[in-house]
Amino acid sequence: MDTLPPPAQRDIPADLPDRLKEMTNLLEMPITQLVQSEDHLCVALDGVAERLPSDLGQVLLRVADLNLYREEVTKASARIAARQNETELRKEITKESLALHQQRSTLADDSAQSALDSELPKPRRTKNRIAE
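The opening residue of the sequence shown carries number 84 in the numbering used here; numbering runs sequentially from there.
Worth flagging that the hints you see were computed from the coordinates, not collected in a lab. Treat each hint with caution, since some may be false.
Estimated spans, in silico, between C-beta atoms of each pair [what the hints assert, rightly or not]:
| id | residue 1 | residue 2 | range |
| --- | --- | --- | --- |
| 1 | 160 | 98 | 54 to 64 Å |
| 2 | 168 | 133 | 38 to 48 Å |
| 3 | 172 | 98 | 42 to 52 Å |
| 4 | 148 | 169 | 26 to 36 Å |
| 5 | 152 | 98 | 23 to 33 Å |
Glycine included, each C-beta is placed from N, C-alpha and C at the ideal position.
Using the sequences and the hints, build the whole thing.
Here it is as structure tokens:
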């Protein structure tokens, strides 16, 4: 006595797990790559969308429309990259600024010492004149 699988299982194509795995791999991509390769997702989804639970099908169909957001994703990625570069630039500027402040302090100390050294002979000459 053969028992038939439930009707829902009989309608499932044999390659459904492979297609779902492919979609999963696509969805795990970074967003910039996903919006570039959404055509692959559409192709994978076309054959199985009607066999998926309605909630999952709706979500995946929305993801398939990511090409509509490609420009926004590209601009946002550029802003993120610019901010990361900005942080590095700020670190570099801070480092150079600290080095210049240190150099200025050293020069100020040296010029104060030079001023004292140049003033030192005057009192000695005056003392020598008084002694004569």
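Quick rundown of the hints versus the structure:
At roughly 34 Å, the beta-carbon separation of residue 160 and residue 98 lies outside the given 54 to 64 Å, and the hint is violated. Separated by about 46 Å at the C-beta atoms, residue 168 and residue 133 satisfy the suggested range of 38 to 48 Å. The hinted range of 42 to 52 Å is satisfied by residue 172 and residue 98, whose Cβ atoms lie roughly 51 Å apart. A C-beta distance of roughly 32 Å is found between residue 148 and residue 169, which places it inside the suggested range of 26 to 36 Å.
For residue 152 paired with residue 98, a C-beta distance near 29 Å keeps the hint of 23 to 33 Å intact.
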